[in-house]
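We have chain A; now place chain B onto it with these hints.
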Amino acid sequence: MNVVILGATKGMGRALARLCAERGDRVFLLGRDATDLTRSAADLVVRGGQGAVAGTARCDLEQSDTFDPALADAQHALGQIDAVVVTAGLFGTQEELEADPARTERLLHVNFVATVMFCEAARKLLLSQGGGTLCVFGSVAGDRARKPVVLYGASKAGLAAYLNGLDHRYYSSGLRVICVRPGFVKTGMTAGLRPPPFAGEPDQVAKEVRAALLCPRPVVYTPLVWELVMTAISVLPRALMRRIKF
Amino acid sequence: MRASTRIAGWGGVGTLGEERLSEDLVSATEGVPLSRGLGRSYGDSAVPPASQPLVVGTVLADRLLAFDEASGLLRAEAGLSLYELNRIFLPRRFFVPVTPGTQFVTLGGMVASDVHGKNHHVAGCFGEHVTALRVRVGDGRIVECSPELHPDLFYATIGGMGLTGHILEVTFRMARIPSCWIYQETERVPDLDRLLGALGEAAEKYPMTMAWIDCLKSGPAMGRGILYRGRWATEAEAPKRAPSPKLRLRVPFQLPSWVMSEQSVRLFNAAVYHQHVPQVRRGLVSPEVFFYPLDSIRNWNRIYGKAGFTQHQAVLPASAGRGSVRRFLELLTSQGGASFLCVLKDCGAQGKGMLSFPMPGTSIALDLALRDHTQVHIDRLNELVIREGGRIYLTKDALTRPEHFAQMEPRLSAWQKVRDKWDPDHHLRSAQSVRLFGDKP
Numbered sequence: 008m009n010v011v012i013l014g015a016t017k018g019m020g021r022a023l024a025r026l027c028a029e030r031g032d033r034v035f036l037l038g039r040d041a042t043d044l045t046r047s048a049a050d051l052v053v054r055g056g057q058g059a060v061a062g063t064a065r066c067d068l069e070q071s072d073t074f075d076p077a078l079a080d081a082q083h084a085l086g087q088i089d090a091v092v093v094t095a096g097l098f099g100t101q102e103e104l105e106a107d108p109a110r111t112e113r114l115l116h117v118n119f120v121a122t123v124m125f126c127e128a129a130r131k132l133l134l135s136q137g138g139g140t141l142c143v144f145g146s147v148a149g150d151r152a153r154k155p156v157v158l159y160g161a162s163k164a165g166l167a168a169y170l171n172g173l174d175h176r177y178y179s180s181g182l183r184v185i186c187v188r189p190g191f192v193k194t195g196m197t198a199g200l201r202p203p204p205f206a207g208e209p210d211q212v213a214k215e216v217r218a219a220l221l222c223p224r225p226v227v228y229t230p231l232v233w234e235l236v237m238t239a240i241s242v243l244p245r246a247l248m249r250r251i252k253f
Numbered sequence: 158m159r160a161s162t163r164i165a166g167w168g169g170v171g172t173l174g175e176e177r178l179s180e181d182l183v184s185a186t187e188g189v190p191l192s193r194g195l196g197r198s199y200g201d202s203a204v205p206p207a208s209q210p211l212v213v214g215t216v217l218a219d220r221l222l223a224f225d226e227a228s229g230l231l232r233a234e235a236g237l238s239l240y241e242l243n244r245i246f247l248p249r250r251f252f253v254p255v256t257p258g259t260q261f262v263t264l265g266g267m268v269a270s271d272v273h274g275k276n277h278h279v280a281g282c283f284g285e286h287v288t289a290l291r292v293r294v295g296d297g298r299i300v301e302c303s304p305e306l307h308p309d310l311f312y313a314t315i316g317g318m319g320l321t322g323h324i325l326e327v328t329f330r331m332a333r334i335p336s337c338w339i340y341q342e343t344e345r346v347p348d349l350d351r352l353l354g355a356l357g358e359a360a361e362k363y364p365m366t367m368a369w370i371d372c373l374k375s376g377p378a379m380g381r382g383i384l385y386r387g388r389w390a391t392e393a394e395a396p397k398r399a400p401s402p403k404l405r406l407r408v409p410f411q412l413p414s415w416v417m418s419e420q421s422v423r424l425f426n427a428a429v430y431h432q433h434v435p436q437v438r439r440g441l442v443s444p445e446v447f448f449y450p451l452d453s454i455r456n457w458n459r460i461y462g463k464a465g466f467t468q469h470q471a472v473l474p475a476s477a478g479r480g481s482v483r484r485f486l487e488l489l490t491s492q493g494g495a496s497f498l499c500v501l502k503d504c505g506a507q508g509k510g511m512l513s514f515p516m517p518g519t520s521i522a523l524d525l526a527l528r529d530h531t532q533v534h535i536d537r538l539n540e541l542v543i544r545e546g547g548r549i550y551l552t553k554d555a556l557t558r559p560e561h562f563a564q565m566e567p568r569l570s571a572w573q574k575v576r577d578k579w580d581p582d583h584h585l586r587s588a589q590s591v592r593l594f595g596d597k598p
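Note that the protein sequences, when read in sequence, are chains A and B.
If you count the first sequence from 1, you need to add 7 to reach my numbering.
If you count the second sequence from 1, you need to add 157 to reach my numbering.
This is chain A alone, in the form it adopts within the complex (with noise of 0.2 angstroms):
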């Protein structure tokens, strides 16, 4: 598999790069920071040998004049392109977001508009050479607003119905639009709060998130008990949101 991942060097970005890399595929990386693209990719050529990685690429979600250029250089690497991947995306406590609304609107820049414009761009290259798998990571909090993570949550939601469209409009021209939806994971991003029941590791939302790329589904739970939480979760009634604290 030819796959190209935008946040490949952290998080759940970072354990899926490492999967595909040792199960044989090859990754092409992109990401904000030259250095650090460079030891992400030496990690995966130490992981799954030379032919790991095809290379990488400047790609910054908050100048989409890097978009185009970026995902030029991994079709010319990669020649056909399987999946794009973006796990990239800003996260702030609903504390933090409120306290600092500078931050508040960058992050809903980033986690919608910038994302949406970076999906258009991948969308017209993967349909240009007759379809591929867009997959990209919103999540839970996307599903239904909860009181602490109403912000971020406005944002995720806002990814997903894009997605939730796109899978609509072109899934008769060959695109397959894979919208992850991660619970809590324990990840550079959540570091710092507290763990809830069924918390995840980045391992195992890798082999998910892997095992979807090679049989495309519109929208992935991951870890996959959260499908169940999220179902309890849309059925409680307003009045019983209003309340509880999660």
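Derived from the structure by calculation, the hints contain no laboratory data.
Wrong hints could be hidden among the right ones.
Below are the EDC-like pairs computed for lysine to aspartate or glutamate, each with C-alpha atoms no more than 20 angstroms apart in a straight line [as the list claims (entries may be wrong)]: (1) A:Lys131 x A:Asp72; (2) A:Lys193 x B:Glu175; (3) A:Lys193 x B:Asp181; (4) B:Lys362 x B:Glu394; (5) B:Lys403 x B:Asp452; (6) B:Lys463 x B:Glu445; (7) B:Lys578 x B:Glu187; (8) A:Lys193 x B:Glu301; (9) B:Lys509 x B:Glu301; (10) B:Lys597 x B:Asp577; (11) A:Lys214 x B:Glu241; (12) A:Lys214 x A:Asp72; (13) A:Lys154 x A:Glu105; (14) B:Lys403 x A:Asp210; (15) A:Lys252 x A:Glu127.
Now the stretches of chain B that chain A is said to cover, found in silico as 3 or more residues with beta-carbon under 8 angstroms [claimed, not checked]: (16) 167 to 178; (17) 574 to 580.
Glycine included, every Cβ here is placed at the ideal spot set by N, Cα and C.
Relative to the frame of chain A, chain B by itself:
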């Protein structure tokens, strides 16, 4: 909500504070007094000082940066775990040159503790195989050091308990192994003299040796135990398949403190001793079983309950003779120190790390549940260690008194000088350095 969490050593001694986890150690370590890996040091060496309860958690900084198959040289970020390293490199027939008794440690921790293992008598400590370190020193600078480049910092950092700098990257030489299986022989030995003799003999023939002893047994059978000796199996001996990963159990919650009573430990020890039949057993085992028997039970520290436990590991110099081990065990059994794990290992030459623990002689490691009298027990054991000319292992320690440590460690002032040179204000410190070296609490 971001909340403060309990930051504790493996034995349970700790403080409330914040563990800052980050993939990027360079920015995370700025202005922070201490780094911490997987938290397997038993005492307070990975616990931050109370007035600045902030540590950098290194486990997310776990990238492999370079590996040269021909030389075995490997460079990686300090948070990489030994577990991951084994997972990747065992099938390729490479293994760390020295491994401690658990694989849930990070490379940074292995350097800071200058860990030793069953092969100490032939391979020395982990630090002997380290060729370079990248370190953030007390004034914030990032420094590469090696035996050639800033050797003072290099050797002060190996075994320096993270007090000379945040360890960011480690370069060391992996060892080639003939197979991924171990040929092991275990032997039940009825008393201390014969056990020490057998340990010495085994060391001449086998690269890996250690002994478990029933340290509650006094009288003529004092020091009875089981000797372990092993080597990597040859390619011809070993099965073609790789060992399958072991099932891991968990201790789901902290057991009540009475579980580890003297009676229960006495029964446990007797059972372990007597179930070893016939007297000598031989066979192939996986490295996991051989090196990391306790890893099969995650959170095994919970068996000691809320009160927690400490470990006391001391090395008694060969120059003090075998009688020193006998005197140590006599003191231990007279105190009634219930230890369910008591491990003997004959150590080889002293390492180059300025505070590195082992010296030629016999190392004795034991677990002690924390009770009201534990401090007194530790003090008495330490007084004996001082009389015999030995020293203790800081990675295990939570209770040693500063004056005792100073008496055991004639090398301390030389190490302090290097520390003062690189960090005159002692920005870098831990609860342990506050306790033992008088750093600002």
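Each hint, compared with the structure:
no. : hint                : result
1   : A:Lys131 x A:Asp72  : holds (15 angstroms)
2   : A:Lys193 x B:Glu175 : holds (16 angstroms)
3   : A:Lys193 x B:Asp181 : holds (16 angstroms)
4   : B:Lys362 x B:Glu394 : holds (18 angstroms)
5   : B:Lys403 x B:Asp452 : holds (9 angstroms)
6   : B:Lys463 x B:Glu445 : violated (29 angstroms)
7   : B:Lys578 x B:Glu187 : holds (19 angstroms)
8   : A:Lys193 x B:Glu301 : violated (31 angstroms)
9   : B:Lys509 x B:Glu301 : holds (18 angstroms)
10  : B:Lys597 x B:Asp577 : holds (14 angstroms)
11  : A:Lys214 x B:Glu241 : holds (16 angstroms)
12  : A:Lys214 x A:Asp72  : violated (32 angstroms)
13  : A:Lys154 x A:Glu105 : holds (12 angstroms)
14  : B:Lys403 x A:Asp210 : holds (18 angstroms)
15  : A:Lys252 x A:Glu127 : violated (36 angstroms)
16  : 167 to 178          : holds (count 4)
17  : 574 to 580          : violated (count 0)
Checked against the numbered hints above, the structure violates hints 6, 8, 12, 15 and 17; every other hint is satisfied.
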